[in-house]
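Visitor: Let's have the full structure, built from the sequences with the hints guiding it.
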Amino acid sequence: MKRKISLTINGKSYTDEVEPRLLLIHYLREVAGLTGPHIGCETSICGACTVMLDGRTVKSCTMFAVQADGRQVLTIEGLAANGKLDPVQEAFWNEHGLQCGFCTPGMILSTKQLLADNPNPTDREIRRGLEGNLCRCTGYQHIVNAVRAAGKAGA
Amino acid sequence: MATTISKPETLVGKSIRRREDPRLITGTAIYVDDIKMPGMHHASIVRSPHAAARIARINTEAALGHPGVVAVFTGADVKDLGAVPCAASLPGLRVPHHHLLAQDRVYYSGHPVAVVVATDRYVAADAASLVEVEYEPLAAVADPEKALAAGAPAVHPQWPDNTAFTFHQEGGDTGQAFRDAEIVVKQRITSQRLIPTAIETRGVVAEWRPGERTLTMFSSTQIPHLLRTLVAGILGMPENHLRVITPEVGGGFGSKLIYAEDALMCFIAKQIGKPVKWVESRRENFQCTTHGRGHVDYYELAAKRDGTMLGLKLKLIQDLGAYHQLLTPTIPTLSVLMMPGLYKFKSISADIVGAFTNCVPTDAYRGAGRPEATHGVERMVDMLAAELQMDPADIRLKNFVGKDDFPYATTTGLVYDSGDYAQPLHKAMAEVDYAGLRQEQAKARAAGKLMGIGLSTYGEICAIGPSAAMPAGGWESATVKIEPSGKVTVLTGASPHGQGEETTFAQIVADELGVDIDDVMVVHGDTAVVQYGIGTFGSRGTAVGGAALFYALQELKAKIKKFGAMLLGSDNVSLVGGSCVDDATGKSVSFAEMAVAAYHAKTLPSNTQPGLVATHFWEPPNFTFPFGAHIVVTDVDRDTGRIAIRRYVAVDDCGKIINPLLVAGQVHGGVAQGLGQALWEEAVYDDQGQLITGELTDYALPKASFMPLIESSHTETPSPVNPLGVKGVGEAGTIGCSPAVVNSVVDALSPLGVRHIDMPLTPEKIWKLIQQGGRA
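Chains as they are written, first to last, in the numbering used here: chain A, 301 to 455; chain B, 569 to 1344.
Be aware that one or more of the hints could be misleading.
As the list claims (entries may be wrong) - Simulated pairs of lysine-lysine, BS3-like, Cα-Cα distance not exceeding 27 angstroms: (1) B:Lys-872 / B:Lys-912; (2) A:Lys-304 / B:Lys-604; (3) A:Lys-302 / B:Lys-912; (4) B:Lys-912 / A:Lys-452; (5) A:Lys-384 / B:Lys-582; (6) B:Lys-1170 / B:Lys-1130; (7) B:Lys-1017 / B:Lys-872.
These aren't lab readings, by the way, just hints derived from the structure by calculation.
Guide: Printed below as a string of structure tokens:
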């Protein structure tokens, strides 16, 4: 039986009837029509589906949409304010912190969380902090550079 | 007409941030799974849980009765369609008919058996579990050496020896080399199966338009045009009625060429008259997308006691899996070509046996045959150095092809284009203070510590390749158009999926035409828009596609000059900074003015057509041969077997560099995949052919915390093969990496008598070795 949920995604209100088993990632992509959060593994390993729920990162492939009822979701689409890129987005661009780009939305949101918790991380802390996000293209080095640069820019 | 001309700064050679990135960092890029169409249905594939079984019966009734299900397809529905193609043409190659869906038998765990189509992704998955398939399990074999042993279960009953092909290649006189040898080193070296693991899995959306009788397919592939030709062939439809679009592609690494699902979704879209989408799950990606490597190699190296290497013999057993995918049997032949490495071997002898196993097929994976060969050869060189008590750097320097020997013909029939192989080695040794490290190592050993210094000096075959060496052409194409407004559009037959050619190609165009880089648009991956192309693999995107672009630009420039000369009323004009200038008067006309003249065509230069478009199909005269040296310093923990990488120094020579930032990215990513193979990754099948490492939870993909800092630098030896002087860099890091890492760890453990360890060097394996005093 479907259940009614109301939530806010990137500042916009959504109300929908969903199956209780619908994963949040599928809600965001199939119902809300977003393209930023990606599906890479469905086992919470790769982190491509990372979004923020009430200001904390979650892997939206391992959470039901009904669990997001009444809550605030931020996806990569909501990060740039009024067309101005977030400093973390700028840093990923400047430092070539992405290649195919598939992991990037999750990687950027995890970076937001990492820098919120620790504004001045060491490289080791950056690498540990991004363990929940897999990238197959970059070898992570330019991602680490991007996170460091974003931290210095006060992101 | 203006008279002040300022030449813009040159962009080739500069680290420019990518023009692809704004869409990617904002989540607005469109990958296959982002495509939605009115009335779109979803497919879910029923796959065999057995590696080998007879299909006794399939009952689709319950699935068909499930609300929301519109169709279920099984092998019977597709038996008359063409097979998944293999492009290899080795003599005597046995090619099993690779139906789109299993017929009466399954050959590997994950083999597609049926497809359920429904209105919703969840419903399709629900109904897939309602398809009843009665299997009669058969004995399976998952190990290539066991498959070749007498009495092994036959993967394909018609070929009980499980041998798909044998292939022999010889150059020089190995018999003489081994008779002349003062020392022969022998070793069995494996290169384990790897799972390519692009973070975006494969996916297909297909749409049939009955009125036009056309099919449009969106597919996450590296080869849109070849895919169109091949899928049209499978379906028996006219190629020009099929349009393939590769939207954003989330990584490929060789694993996204052509699959049954591409043709299946096109077939289904036509059958149900609705668009259909299939997106692979990660488990399917691990089970059913091609794996890489899968070698068991037996090497013999003949040498003089002064370290001069004379000859190399190889018996190569390639684990092919159950079928041939597009390039499967050709991959080990690349290994043989690469056997001489950077050394002056006088003779080479190789025998390949391609073994069928009840596993998913192997095919290209970053490096494709070349990492396997480089790993083997670089390990053998180190073993020889150890036996002769020579320094591994000295033995390499002694045997390198000299910098004055180019073009250099190898015993495997290649002609190396250019190089100075000692240079990156010397540079890397200087960067790590090699002599100082060896002294430090001696002290560490005296204190009982396990410290290793490993190096590899690798070569590779890139810019793949001349058409004569390729199953379906090895050229690439480019069209450059100056639009009526003066803006520039490039259509490239290459199909970048993360490599960044939208940026590097725009850099080339900006320099050649003297236009602002923001006035250049690079378009790729749509067979209805772009002229035929070969695609992106084998480090060819820039080295072949970029060269095609360069030549198209020269043709276009010649045409522009005609319009400039006409407008300026002068025969002596030059192109400078986006304008055409009268050499005598200094007067100039802009691109926009010339473009208007060319498209309005009120008057035309003699023998000149309207418009400003040039297309060039470039056939490369040779491969390119990048090279480099990687040095890895490791510390091995005696108590845990854990390997810590203290330094990773990579000096790569990929010819001329167009964008250093992007080249660094390619090196880092390549090294990460090489390290993955060296230390962590392995596709493990059990004896029944079940993939034990079937999810990311069980397959150790490198994480950020696993990776050391990669100290990457370059030497720059231009290639004479193409006018850009570029050689290609996509695979270099992977090829140079694994032998340097393993050589380093073997060096660390050499006081225990260790001379070789097979990958991956897991802590468990290393700990056991240490516990057993170096005995495996």
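Visitor: I'd like to know which numbered hints this structure contradicts. Please list them from smallest to largest.
Guide: Structure breaks hints 3, 4 and 7.
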